[in-house]
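Colleague: Given next are the chains, with one letter for each unit.
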Amino acid sequence: MSPERYQNRIELLQGTLDMLILQTLQWGPQHGYAISHAIRAYSGDALQVETGSLYPALHRLERQGWLESEWRKTESNQRAKFYRLTTGGKKQLLSERRRWDQFVTAIGGVLNPIKTEEPL
Amino acid sequence: MSFIDWIFRRRRDQELEEEIQSHLEMAARDRTESGESSDEARHSVQREFGNTILVKEVTREMWGWTSLERLRQDVRYAARTMRKNPGVTAVAVLSLALGIGANTAIFSLIDAVMLKRLPVKQPEQLVMLNWVSRKWPSRQIVSTQSGYSNSDKTGRATSMSFSYAAFEQFRAHNQVLSSIFGFAPLGLGKGGVNININGQATLATGDMVTGNYFSGLGVSPILGRALTEDDERPGAAGAAVISYDYWTRQFGRSPSVLGEAITLNLNPYIIVGVAPPEFFGVEPGRALDFWIPIPDVRGLGPWGDPDTRALLPKRDWWWLMMMGRLKPGVTAQQAQAQLDGLFQQEATAGLNPMPKPEEIPHVELAPGGQGLKNLREQFSKPLFLLLALVALVLLIACANVAALLLARATARSKEMGVRLALGASRARLIRQLLTESVLMAGLGGALGLLFAYWGTEALLAVIASGSDSVALEVHPNLTVLGYTAALALITGVLFGLAPATRATRVEVTPNLKEATPTAARGSVGLAKLLVVGQMAICLVLLYGTGLFVRTLENLENQNIGFNQRNLLLFGIDPTTQGYKNERLVSLYNQMLGRIRALPGVRDATLSGLAPISDWQNASDISIEGYKPEAGLDMNLKWDAVGPEFFETLGIRLLLGRAIGAGDTVTSAKVAVVNEAMARHFFGSSNPIGRQFHFNGTPGAKDIFTIVGVLDNAKFKSLREQLKPVAYLPYTQMLWALGGVHFEVRTAGPPLAMLPAIRRVVREFNPNLPLADAKTQQEQIDETIMQERLFARLSSFFGVLAMLLACVGLYGTMNYAVNRRTNEIGVRTALGAQRGNILAMVLRETSLLVFVGLGLGVPAALATVRLASSQISDLLYGLKANDVSTILMAGAMLVAVATFAGLLPARRASRIDPMVALRYE
Numbered sequence: 012m013s014p015e016r017y018q019n020r021i022e023l024l025q026g027t028l029d030m031l032i033l034q035t036l037q038w039g040p041q042h043g044y045a046i047s048h049a050i051r052a053y054s055g056d057a058l059q060v061e062t063g064s065l066y067p068a069l070h071r072l073e074r075q076g077w078l079e080s081e082w083r084k085t086e087s088n089q090r091a092k093f094y095r096l097t098t099g100g101k102k103q104l105l106s107e108r109r110r111w112d113q114f115v116t117a118i119g120g121v122l123n124p125i126k127t128e129e130p131l
Numbered sequence: 005m006s007f008i009d010w011i012f013r014r015r016r017d018q019e020l021e022e023e024i025q026s027h028l029e030m031a032a033r034d035r036t037e038s039g040e041s042s043d044e045a046r047h048s049v050q051r052e053f054g055n056t057i058l059v060k061e062v063t064r065e066m067w068g069w070t071s072l073e074r075l076r077q078d079v080r081y082a083a084r085t086m087r088k089n090p091g092v093t094a095v096a097v098l099s100l101a102l103g104i105g106a107n108t109a110i111f112s113l114i115d116a117v118m119l120k121r122l123p124v125k126q127p128e129q130l131v132m133l134n135w136v137s138r139k140w141p142s143r144q145i146v147s148t149q150s151g152y153s154n155s156d157k158t159g160r161a162t163s164m165s166f167s168y169a170a171f172e173q174f175r176a177h178n179q180v181l182s183s184i185f186g187f188a189p190l191g192l193g194k195g196g197v198n199i200n201i202n203g204q205a206t207l208a209t210g211d212m213v214t215g216n217y218f219s220g221l222g223v224s225p226i227l228g229r230a231l232t233e234d235d236e237r238p239g240a241a242g243a244a245v246i247s248y249d250y251w252t253r254q255f256g257r258s259p260s261v262l263g264e265a266i267t268l269n270l271n272p273y274i275i276v277g278v279a280p281p282e283f284f285g286v287e288p289g290r291a292l293d294f295w296i297p298i299p300d301v302r303g304l305g306p307w308g309d310p311d312t313r314a315l316l317p318k319r320d321w322w323w324l325m326m327m328g329r330l331k332p333g334v335t336a337q338q339a340q341a342q343l344d345g346l347f348q349q350e351a352t353a354g355l356n357p358m359p360k361p362e363e364i365p366h367v368e369l370a371p372g373g374q375g376l377k378n379l380r381e382q383f384s385k386p387l388f389l390l391l392a393l394v395a396l397v398l399l400i401a402c403a404n405v406a407a408l409l410l411a412r413a414t415a416r417s418k419e420m421g422v423r424l425a426l427g428a429s430r431a432r433l434i435r436q437l438l439t440e441s442v443l444m445a446g447l448g449g450a451l452g453l454l455f456a457y458w459g460t461e462a463l464l465a466v467i468a469s470g471s472d473s474v475a476l477e478v479h480p481n482l483t484v485l486g487y488t489a490a491l492a493l494i495t496g497v498l499f500g501l502a503p504a505t506r507a508t509r510v511e512v513t514p515n516l517k518e519a520t521p522t523a524a525r526g527s528v529g530l531a532k533l534l535v536v537g538q539m540a541i542c543l544v545l546l547y548g549t550g551l552f553v554r555t556l557e558n559l560e561n562q563n564i565g566f567n568q569r570n571l572l573l574f575g576i577d578p579t580t581q582g583y584k585n586e587r588l589v590s591l592y593n594q595m596l597g598r599i600r601a602l603p604g605v606r607d608a609t610l611s612g613l614a615p616i617s618d619w620q621n622a623s624d625i626s627i628e629g630y631k632p633e634a635g636l637d638m639n640l641k642w643d644a645v646g647p648e649f650f651e652t653l654g655i656r657l658l659l660g661r662a663i664g665a666g667d668t669v670t671s672a673k674v675a676v677v678n679e680a681m682a683r684h685f686f687g688s689s690n691p692i693g694r695q696f697h698f699n700g701t702p703g704a705k706d707i708f709t710i711v712g713v714l715d716n717a718k719f720k721s722l723r724e725q726l727k728p729v730a731y732l733p734y735t736q737m738l739w740a741l742g743g744v745h746f747e748v749r750t751a752g753p754p755l756a757m758l759p760a761i762r763r764v765v766r767e768f769n770p771n772l773p774l775a776d777a778k779t780q781q782e783q784i785d786e787t788i789m790q791e792r793l794f795a796r797l798s799s800f801f802g803v804l805a806m807l808l809a810c811v812g813l814y815g816t817m818n819y820a821v822n823r824r825t826n827e828i829g830v831r832t833a834l835g836a837q838r839g840n841i842l843a844m845v846l847r848e849t850s851l852l853v854f855v856g857l858g859l860g861v862p863a864a865l866a867t868v869r870l871a872s873s874q875i876s877d878l879l880y881g882l883k884a885n886d887v888s889t890i891l892m893a894g895a896m897l898v899a900v901a902t903f904a905g906l907l908p909a910r911r912a913s914r915i916d917p918m919v920a921l922r923y924e
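Residue numbers (the numbering used here), protein chains in the order written: chain A, 12 to 131; chain B, 5 to 924.
So here's chain A without its partners, still in its complex pose:
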């Protein structure tokens, strides 16, 4: 009912965490532990996802209809809740990526305004 309350609670990762989760799930359904693992691994251990942020984000994304979940067994025969991207989730991922790219370009432009003239 009031997803905006979440915004007060989740700190800086807000927005990017959603994108990272969606991106991670692009290659197939995964459970929470694996998602946090994957983000850490892909970021070269630079990004540590707090579980206190991950699970609220997963539940919220599911509520928003971008994720679906089901209970399945892992390879090591452990029951776990697997999340999968929905069509809406894929679209959301695309638009967030586009925004992120714009954002990066813009920030990059600000930080390196005369990059080519910079002496090496």
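Careful: at least some of the hints might be erroneous.
Here's a subset of chain B near chain A, in silico, CB distances under 8 Å, partners left out [to be verified]:
| no. | residue |
| --- | --- |
| 1 | Glu23 |
| 2 | Ser26 |
| 3 | Met30 |
| 4 | Ala31 |
| 5 | Val59 |
| 6 | Trp67 |
Hints listed in this document are in silico derivations from the structure and should not be mistaken for laboratory results. Virtual Cβ for every residue (Gly too), placed ideally from N, Cα, C.
Take the given structure of chain A and dock chain B to it, following the hints.
Modeller: Using the frame of chain A, we list chain B on its own:
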């Protein structure tokens, strides 16, 4: 929270728990696989994961609250707040309960009278047949009309009565109704038939109906059989169906009632069935005891006629009411068109010359699902007036509660500030406050239902008093419950919205910083506005109350021209036992003699109509050797009376002689007229010796000589204008002689004479029950039942409204004084006297009251003008703009309001400056 919600949430909780557990286990396994001991692994995993309870808490937040859960939170919070302020809650709930209760009580009556459908099969298919014509129909078409008819100012006439021939025509030839059935009341009014069960004669109310009445309505008896078309065959044994209520009263619900032989006005009948408990006939308010087929016997006729047999073939004597059931797919318009076609053929067949078009009636169909409309027409406007009255009371109650909540909202502005600062949205807070007010209204509504239950009982007791009583079934039902619930909800939102918006319109920072809230300053202004509104509404109510009370007083205290004290009335109808003409006269004379001889009886007489009973005879007369001025109304009201009528009643004889024992069947026909009659026809010349006769009645050849003139006395009702009246010896009006009313002047309490009188009557004939035995005073009271009801109810509601409004005024001023404690303290410290402070607060109070009066006076005048234009006979002896009444209402309101305002003012004047300055 609903059970389903609860289950659902529990499952999600369990799932979340499991999800986190599986996360922890997987993490732990990874660590053990890389060589940590399992204990170590679990610890580090737990450390890494963090506070699981917090994680779960935060995650759960993401699910969002279901609206039901939130409602539950709000209700619980509201209940807690209400418990914390029991005084405020009690006053608010009680005010609302009174307001809602009054509304529900009146609405129950409206529901019973206006909205209820007949307890029959598919009532929406039923249509009631009426006829309308632009002028009263030509005498060629209808010579006599018995039944419910109405002519308006333009002369447009409507009625529900048709000839039996019209019924046969409709039944034989219409293709639009699946059934059409007829009915007519036996006798006049209530208890029109002498019914003899096992030698016990009593009076009962019944209808004669066509054989398909029960099948057409779709009413099946709960015992025995219904009447059928077979019962109409000539020579069939008389069959009767009795009502469940009559079965209970007379037979104790004995199943052996079937086959029981009874007599109706001496004709033998057999009880063949008992109607279902909810069915009382098709005329709401006139509950029937029995139904018989249209009889072809002597002594049982419709509308008090002695005989039905003579009426059946008469095409110009209209008396039968009809209802029909529309065939599926046929609209009322189509049905009306075809029925009117048939009706025109029947009514105008063979007429030569053809009557003028405006004197030819046409069939008009009305919805029949609610039965006859008499009761609805009689009560609809008064009931809606009462509803308006109680709606105003409720409005005042609402304003009170709103003012209370406003005051509390200000007191709570700090709480609101904190909650807003913590991130609560304003809409959420408003919703929470509205929940509180709706809950309050809900409690008020529940309590109100209880009040309404008592109130309705009391109202019914008033309405049902007297012989022309209205039988009404008022039970709590879904419609009424729904109305109450809707009312509570609407009032809850209505009085809650302003305080709620006000309470949440706070600036966060000052409220947190200061001990005394400075925001919500405007709330005193709003509360004062509410008080002004209350005063205005209150004045409207008090003015209405004053008018109703004075109307009743005017009616009761006027000179009616005779002495109504110690006068006993009762009716008997020996024609039901076969008495006629000279035999009847002789019976009456002997009875009068015996009754006069009873100890305790001063005098006794009889008359065709009971005085002031809303009945009258009216006939046009011709005066011998008299040329009336053009346009002079030749109508004369008359009654047939016994000897010593004027002496018994105490009507003063002005001229000539009274009617006495010497005026017999054979002596010269005489009349005694009232002063108004003499003045109307003869001006100042002497009327004694003048002669007149009636036009167009069976007695047209009888010429009456005026032998006396009486003082004017009320004749038909307390409200009537003075009209020309003639009193004629009953012995000389044999053609009109039937049942009569006796008037007995007693020395002591009139009703105490009844047993002795019953004994006398029984000695003459054991099968003559007394009808309508009551005192003249009771008789008069019955005719002003509605006025009495208005006066009583409006007094009650007026006082209630005034109390509520004064509580509101008191509360608001008290609150205003509280808010200004500081300022008043400063004023006192600077030298203001107690008297000054007192005057200051009182000035403020009276400003509110007088602004309220200023608005209320024009509103009151306009309201009463509107009401009296809608309801004729609303007032008596008064105009809609009665200066003295409005002054009285205003003075009363000012007095009570001043008293209510005095208390806070006194408190203000006693404020100790030292305490007040430390108050912050």
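Colleague: Indicate, hint by hint, whether the structure satisfies it.
Modeller: Now for the hints, and whether the structure bears them out:
The restraint placing glutamate 23 (chain B) at the interface with chain A holds, with a minimum CB-CB distance near 5 Å, inside the 8 Å limit. This hint holds: serine 26 (chain B) has a C-beta 4 Å from the nearest C-beta of chain A, less than the 8 Å allowed. Given hint, methionine 30 (chain B) at the interface with chain A, holds; its Cβ is 5 Å from that chain's nearest Cβ, closer than 8 Å. At a threshold of 8 Å, the smallest CB-CB gap from alanine 31 (chain B) to chain A is about 6 Å, leaving the interface hint in force.
The closest approach between the C-beta of valine 59 (chain B) and any C-beta of chain A is roughly 5 Å, which is under the 8 Å cut-off, so the hint is satisfied. Taking 8 Å as the C-beta cut-off, the interface hint given for tryptophan 67 (chain B) holds, the closest approach to chain A being about 7 Å.
Checked against the numbered hints above, the structure breaks none of them.
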